[in-house]
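Please build the complete structure, drawing on both the sequences and the hints.
Chains as they are written, first to last, in full-length UniProt numbering: chain R, 1 to 508; chain L, 1 to 316.
Treat each hint with caution, since some may be false.
[Stated by the list, open to error] In silico DSSO-like pairs for lysine-lysine, Cα to Cα no more than 30 Å straight-line:
{"#": "1", "chain 1": "R", "residue 1": "LYS322", "chain 2": "R", "residue 2": "LYS468"}
{"#": "2", "chain 1": "L", "residue 1": "LYS45", "chain 2": "R", "residue 2": "LYS123"}
{"#": "3", "chain 1": "L", "residue 1": "LYS130", "chain 2": "R", "residue 2": "LYS208"}
{"#": "4", "chain 1": "R", "residue 1": "LYS126", "chain 2": "L", "residue 2": "LYS155"}
{"#": "5", "chain 1": "R", "residue 1": "LYS322", "chain 2": "R", "residue 2": "LYS503"}
{"#": "6", "chain 1": "L", "residue 1": "LYS109", "chain 2": "R", "residue 2": "LYS209"}
{"#": "7", "chain 1": "R", "residue 1": "LYS126", "chain 2": "L", "residue 2": "LYS109"}
{"#": "8", "chain 1": "L", "residue 1": "LYS130", "chain 2": "R", "residue 2": "LYS126"}
{"#": "9", "chain 1": "R", "residue 1": "LYS338", "chain 2": "R", "residue 2": "LYS287"}
{"#": "10", "chain 1": "L", "residue 1": "LYS155", "chain 2": "R", "residue 2": "LYS123"}
{"#": "11", "chain 1": "R", "residue 1": "LYS287", "chain 2": "R", "residue 2": "LYS322"}
{"#": "12", "chain 1": "L", "residue 1": "LYS45", "chain 2": "R", "residue 2": "LYS126"}
{"#": "13", "chain 1": "L", "residue 1": "LYS18", "chain 2": "L", "residue 2": "LYS45"}
{"#": "14", "chain 1": "R", "residue 1": "LYS208", "chain 2": "L", "residue 2": "LYS109"}
{"#": "15", "chain 1": "R", "residue 1": "LYS123", "chain 2": "L", "residue 2": "LYS130"}
{"#": "16", "chain 1": "R", "residue 1": "LYS123", "chain 2": "L", "residue 2": "LYS288"}
{"#": "17", "chain 1": "L", "residue 1": "LYS130", "chain 2": "R", "residue 2": "LYS200"}
{"#": "18", "chain 1": "R", "residue 1": "LYS338", "chain 2": "R", "residue 2": "LYS464"}
{"#": "19", "chain 1": "L", "residue 1": "LYS130", "chain 2": "R", "residue 2": "LYS209"}
Quick caveat, the hints were computed from the structure, so don't treat them as lab data.
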Amino acid sequence: MLKSVWQYVVANQNDIIRSLGQHIEISLLAAIITILIAIPLAIILMNHRRAGEFVLQVASMIQTIPSLAILGLLIPIVGIGTVPAIIALVLYAIMPIFQNTYAGLTNIDPVLMEAADALGISKRYKLFRIQIPLAMPMILSGIRIAVVMIIGTATLAALIGGGGLGTYILLGIQSNNNAALLVGAILAAILALVASWLIKLLSHVSFKKLGIGVATLAVLIAGGYGVRSLATPKTETITIAGKMGGEPELLINMYRDLIEADNPNIQVNLKRNFGGTSFLFKALQSKQIDIYPEFTGTILQSLVKEPSGVSHHPQIAYQTAKKDIAKQFQMTLLPPMKYQNGYGLTVQKPTADKYQLQTISDLVAHPELSAGFDPDFYQQADGYPGLQKKYGLKFNSVRTMEPSLRYQALANGKLQVTDGYTTDPEIKGYNLVLLEDDLNFFPPYQGAPLMLTSFAKAHPAIVKSLNKLADQITTSEMQNLNYQVTVQHKKASVVAHKFLVAKGLLKK
Amino acid sequence: MIEFKQVTKEYGQEDALKHLSLTIGDGELFVLVGPSGSGKTTLLKMINRLVIPTSGQILIDQADVAQIDLENLRRHTGYVLQTGALFPNMTVEQNAGIQLEALGWPAEKRHERIVELLTRMGLAPDLFLKRMPSELSGGESQRVGIARALAANPKLILMDEPFSALDPLSKRQLQALILQLHRELATTFVFVTHDMREALHLADRLAVIYDGELQQLGTPAEILAAPANDFVREFFADVQQTQYLQRVLAAGFGQQLTENSDNDLPQFKNSDTIYQWAQLLQQQPQQKIQVAGFLLTPQDLVDYMASLNQGGEQRA
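Printed below as a string of structure tokens:
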């Protein structure tokens, strides 16, 4: 376990460091913004108790909203990426800092305040030399709570393309890669501990030095941004994003290689593991991203309203999806690749040989085989219930189980039949047999680049580059590629590049 | 000169002070005394407008405090609170110099002044300048509090029950310090206490306040000799009525009468009380008396009253 984590760290060193940097950047910005909002607010409200109590109530109410919900609510307003992540983090962190600052300022011994007044000390002097210093231990503990919370919650930024260490946690969950998950989680925890310790150190530093430190930090950050924006060349940059997992990452790397090879003046910015379907779709609508790979089946099942037809024929499904998404959302779906990534039923090779199984129809004669399905598949109309109707399929024993456990159970011989996605790398990894959907029951899921029609019209060269992938990559090729990335942990960019070169789609 | 003219303070329905008029002379050590809740602290805080009267006027040297620049008034008025009320985040030097800083004194001059004052307060500067308030005893805190009040050379110092939280020894030492300062400085002190013995010990003149009204105004001897009403009599009763002259002598007061002494002095018995003595003083304020071969002066009466407050039987 430890060894595999270490190998993962070594192999992805640069990416991990970049994610760590992103995580620190997001957290630091959120913390500074929160401090700049919460502390002055508490100072203004310390002499207006009723308003202060009201703000406390509002802040605690915000905190009860699940962070995912806040992220979701923010997307239509500010889009995706770092900005909504920071806004959400700020909204969360205001409560502890405000509460502690307010309590610290309002609970100072009234005798001291009377003394200050009686000695004729100016309001400013009183605030900066007496009230704030006396409240400082409380303020710092509020900041500590907030920063630890921010660093933890910032892992969710990965869900909406904000990057950071959450990328590895999500990647780990998605691709069942414990090494990635551990790297993300452990680094986030260490970061929180270090930050907490640093703030504790700060509590022993005088107010004056603290002010100088904060000012220096602000200048450094501003300077960093300035240098970065100056250093960025003025070529056109387009953004391509992908859903969670290895397969989308492979695809967007292929898109980038193809586009950049044909268009030297275009720079492609990749956002991998960007989020779920609805995040990506909204991001495309709001032009936060320019292109992402989507499936015909997903478009018909979840994106368009009332699809104009549901066909089990891939070619017709593509035409319907293309027509509907253009009409309803002014988007263009380019021609799909060859492989299908839909549901399928798999068995072990020995089982297939023993019962001579090649198609799903072949299974009907063997109700004695024990089956285990993903809970969704077990319930959905396009899953097991539909199969029963279409094929007259019936198993004597059917269990539902976690998707990640199915293949293991199959390999251990505890199950004989299970569902899966047709390009799952485990099919290759466990040497399984994918049974042919001979009655064309499963809706076709073919991947293709999706973009706004206005973008497609403005960039015909990009469309041309992407179309090179049309009708390319077979299901077994995709399984093989996925296997290299998610099981063998090879870098997606390398795997994608090699594949394109091997296929003659790229020169070198 | 501080004048209270028909001062009334209402808190909600209750009157804390009722049409109270009073004049405090320049350079006096003036004590406001009364049980808690009597309104004496309210009266004190009206002088620097920490409390604003519902009606009536307070004049300092003919100027209405409601009209003059408040910050300036407060920066030139010393203020000593019950517990010292030092700011816990500042050193002794910073605490004592806070008013000077507000007045814009340069750091060097400030330092000199604080060194001088701490020395005067009996706190060795090299030991105490850099200490934090948490490292001080109650008595030391209060000495720093007094240094803070004196720093800007104020013409007026207000003290709100400054010694009520101290142990008897510190209390006695600080009272002596106040009396000494008062002798040395041309400063008016207004001192609030609920402790009648402390009041008698310190006051040039004292005002007995009860229930928001001025009960009696006068020197300690006048008040002891002729309480204006039942309240004042009772307030000082346990000092007076149980105090036989026997105990005054036992406490070491009085001078042995010699053959040359004036033998025409009024004769008092050991079993007479200081109350009877005070009654005589009301008619003849300068009258000395003789008790069992000892001579007692009016000052002895005042000093004895004061010594009681310290719980001691010996003269200092």
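Original post:
Out of the numbered hints, which ones does the structure contradict?
Top reply: 16
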